[in-house]
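So the protein lines, in turn, are chains A and B.
By the numbering used here, the letter at position 244 of the first sequence is numbered 244, and the numbering carries on one by one without gaps.
By the numbering used here, the letter at position 263 of the second sequence is numbered 263, and the numbering carries on one by one without gaps.
What the hints contain is simulated information worked out from the structure, not anything from laboratory work.
Mixed in with the good hints there might be a few duds.
One copy or two, it doesn't matter: identical chains are merged, so the pair holds either way.
[Claimed, not checked] Derived lysine-lysine pairs resembling DSS-like cross-links, with alpha carbons at most 30 Å apart: (1) Lys555 x Lys405; (2) Lys325 x Lys222; (3) Lys82 x Lys44; (4) Lys261 x Lys222; (5) Lys561 x Lys595; (6) Lys582 x Lys561; (7) Lys261 x Lys329.
There are 2 protein chains.
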Amino acid sequence: MKTRFSVHIKRYLVYRWLFCGVCFQCVFPKDPPNPRLTLDQGDKRLSYDRNCSHTVLFQESNHLFIGGINHVLQVDVDSGQKILKNFTLSSEICAEKSCENVVTVIEQFQNCTFVCGTNGENPRCWKLYPGENYTLTMEGTGISPHTCTQNSLSLVADGDLYAAAPLYNDGTLLQFRRKAGNRISLWMHDQWLSEPTFISSFLAKRNDDTMNEKIYVLFREKNSDTSPEADPWISRVARVCKVDEGGPKQFLQNIWSSFLKARLVCGIPNESLYFNRLQDVFVLHAENWTDSRVYALFSSSWNFTAVCIYSLEALDGVFERSSFKDYNKEIPTPRPGTCVQNSKSLPIPTLQIIKDYPEMNDWIHPIHKDTPFFTSTDSYTKIAVDRVNASDGHVHNVLLLATDKGTILKVLEDDYKAFIISETHLTSGSAPIQSMKLDSERKKLFVGYPDQMAVFDLQRCQDYNASCGDCVLARDPYCAWTEHGCMSQTKGIQNIANGSTSECSRSLGRIKRDLRSPPLVSLRIQHTVPTDVPFYLSCPVESHHATYRWEHKEKNSTCQKTQSECLFLIPAMTKDDYGTYKCMSHERDYTKVVKEYKLIPEPVLSTAVQRRAQEWISIFVTVVFYICCL
Amino acid sequence: MKTRFSVHIKRYLVYRWLFCGVCFQCVFPKDPPNPRLTLDQGDKRLSYDRNCSHTVLFQESNHLFIGGINHVLQVDVDSGQKILKNFTLSSEICAEKSCENVVTVIEQFQNCTFVCGTNGENPRCWKLYPGENYTLTMEGTGISPHTCTQNSLSLVADGDLYAAAPLYNDGTLLQFRRKAGNRISLWMHDQWLSEPTFISSFLAKRNDDTMNEKIYVLFREKNSDTSPEADPWISRVARVCKVDEGGPKQFLQNIWSSFLKARLVCGIPNESLYFNRLQDVFVLHAENWTDSRVYALFSSSWNFTAVCIYSLEALDGVFERSSFKDYNKEIPTPRPGTCVQNSKSLPIPTLQIIKDYPEMNDWIHPIHKDTPFFTSTDSYTKIAVDRVNASDGHVHNVLLLATDKGTILKVLEDDYKAFIISETHLTSGSAPIQSMKLDSERKKLFVGYPDQMAVFDLQRCQDYNASCGDCVLARDPYCAWTEHGCMSQTKGIQNIANGSTSECSRSLGRIKRDLRSPPLVSLRIQHTVPTDVPFYLSCPVESHHATYRWEHKEKNSTCQKTQSECLFLIPAMTKDDYGTYKCMSHERDYTKVVKEYKLIPEPVLSTAVQRRAQEWISIFVTVVFYICCL
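All chains, please: the whole structure from these sequences, using the hints.
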């Protein structure tokens, strides 16, 4: 059966190849990989007033702050639902259009919880104190946007507050600036960016070289290449020095003196196929900054999604080594972009390049240059990545991708291949996910929707608890098979590398509880079915990576598939249709009986016997009656 | 119900818009339009030896010639299956690799059926005569490719044979040439094209100005723009004069002296989203050449498909009016590309531009510049377009698109919107369609697969014969509702413009046979079902544009959908589940009962009555017995 199928597929591919001449069709698989499991986890939710565009989530030890409209909720992290405090921050000054104070910034700044909001199109910032008190601390223009649909970004690093937000009501003068803190305020030269949308920023710590620490800003902007072939949008990384104090009085005063930018590329260069529209970024920081990884989520002009992974060292290397775009003369010393103790003393030639040619010639390519780590025909909104110590002794990275339909994809970074462990529904609706906050310590992901926050439990091993095979096939680094079932602990049977279940049978002696063969008794169902009527058998589709079939009298039948069930439809019961049916699933090296039915005919024979007996009785009675009466 | 749904959709779109900031997601619908009907028409097929890459189809009045391996079949057009003659053309000279003679060219040339083939990598051409005779007529290099996987093209126009095929075994020196006929042989300058794949060529007749008639060649080639953003492939139209005789002895002798080329664009320019890879072309010739339309099928680097429609007049206008790429000086007289009686007397400055700057600066845009006529996430291989005189008095264009899965899509060109009437399976397999030949007079489409030819009947009105509503909803210009049912004739009820079925009820008096209300009796099925057992009802999904629901005791339920059925699953029959079920379909202004079931319980009550009666009888008998006997 399988051989015939693969011959068919091969023939098809040969046709394709022959037909197309060039291998156009090979770039994207027509059927992208499915999530292995579709799960539901709708138990932990916290509802709040509908928020127009973003729900800000901020975590400080065991408190989670949620920024809504006119208030900030302080929630207990462990429960994910218990509201500890509710700070009411109504807008004090009202613009004509809107009186709402949409909270857009929550940071830990100057030993306080620091909050900014749109405040009726007059952005303001407050400090929150114990006892639901707060004080107005500063004007918020340039930190919070004026309305919630405007783009903004904030970052607190080494005692300074950095932010990107438009200065004007109409959304113009949107820039990345140092706004408050220990160091002086700095902003950007107007010509450096064109219609930017800021996505993320972070500080890369260098424990032994703090002077050289850089802040990276990731954004998309209008492409300066206006040729008809070029995508109108392009993604970028910009870099500034943490210790930057701007240029001297006569040149670039209060302007970043170390600003550089480069193109962030994600795509299939051989096909000139690029995902140019950065959507979200997650940085997996390492002890040594050169080992850090930047995970970036992109969409393309034709609405596909890709994830590319970048080495922070290689990313930084482009700024250190590339030539400057459109600048052909000798590069002055110090090289533009070098961090110095006193940037005000930088020589003018160095600053002149920063001002006029801040773009790198080289592009920033992902670790694997040829192709993205993950591509999908669906749309995604957010990304987070967790490092997991698995029972196989290795550390595995698990990507958490938020879809625009409100579900979370859990993806194993398996070498350079993506294995989609599951897709989980956290709410009943299909609102897109607006924000995510990963608590790697508690193994929880806080997921912000327009009107509610849900907690995604990263180690829900009970989802694969049916047998050792189920637990191992899941390839979920958070879980392993133990004598108590599939558990979130580091010792047990697991095979993240390839999901092979052979260890399950070898370890039967060692591990007491053996659920390898599923408890058939509870799955075996008996039905008495009359002939001629339609009848159906159903079997839940647990794994989308498994193949399902029905076994009946040594014949195999394929499923009639609905969204979550494998059906066997019998239009009218005949004699041959009675007997035992087994719904078998097969995945990798593991075959199991998912459900078993026994269909038996109505006891037709016995009623016939009864009737015959009745007839005999009535004949007997009649005979007796005649004998007696005559 | 509907309102709630649309509110939900609206909310979702608002989320999307808010979330994305820029309207990235609006370019491609996530759910592209479905074909309304999925049909099967596997009756008329003719099998032959498997052919490696293309099956050449050629029609001459009521004979269809099919080029295979080592033979040409002459088939009766009306039956589509009856082989009239079989010309055996085995290869005479054998190369080391292959002895096959794959027929690649069939044309009507010099009053004969003219055939060329690979002939064991030594291309040859033959003339076919009555009685299955043939003679070798010429060497075929440059007319037929050496192997069937190589690209080639042929055209007979005004007594001349034009062809594109590589001159060498390895596929190099692939050009478009005039090879034989009344006029002298001509070829191209080596520098004009780069790695071309020729797709189609045609002559545009000008009845009142034959001197100015042009031959157009459509192909894709390597993009000369090698910037990383540019697609490596690009589509083009080239144009030469029919009367071209090449340049004078000293310059461009035997080379096209009127060759020009321009980029053929299909895409969404605002998003810099182009379908650059031409796959097939169909020209809908009109009486006046300026009214002719060129239908072109493209694929994109990410494997989507698009159809763009071009006005031949506008296409030609680019060659007449555009400046020449990279040429900035004054354009000499006559303008390069002008057709003249004696091209050998053309001035050198004009010929110099033809040689060095044959590319137009302007691009050829489709009639609707903003967006393709049709886009799809599937892959298509061939296109044909038929003009249909419909019962509404208008002429409608119907596109026939061949998919790489072997099905045919029938698409109505509804103003500038595509309405997909149906997708038809012609074979049981999924081999891609390699060639199509439209017989517009007989309303048949001959469809060539690797190992068989199928005939697609364009006017299968019996597919919509159930009722006037079904016939009109189909929006098939070949069909109309008459007193004899849905028929392929021009008088009857039809509404191609919008598919509204209101005319059906208004015309009840005029049209005798009324099938508007489906014959319910034959659709009503009664089942006696015991309690507690699983039970299902099924209803065929006829139209993918309709919504289906189950009506039971004034409650509506949605379907459990499989590929072609709408199911209603009852896990275990209860008292409430008995009664009448109606499967209702709703589309546009038309609602109908597709199927009706009546579920009745087993006659439990009557057996109780019987038993009671039997008890009474036995008591009665016993009493009689006692009375009599005692």
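Structure-based check of all given hints:
no. : hint            : verdict
1   : Lys555 x Lys405 : between (40 Å within a copy, 29 Å between copies)
2   : Lys325 x Lys222 : both (17 Å within a copy, 27 Å between copies)
3   : Lys82 x Lys44   : within (10 Å within a copy, 70 Å between copies)
4   : Lys261 x Lys222 : within (14 Å within a copy, 32 Å between copies)
5   : Lys561 x Lys595 : both (16 Å within a copy, 22 Å between copies)
6   : Lys582 x Lys561 : both (16 Å within a copy, 23 Å between copies)
7   : Lys261 x Lys329 : within (19 Å within a copy, 40 Å between copies)
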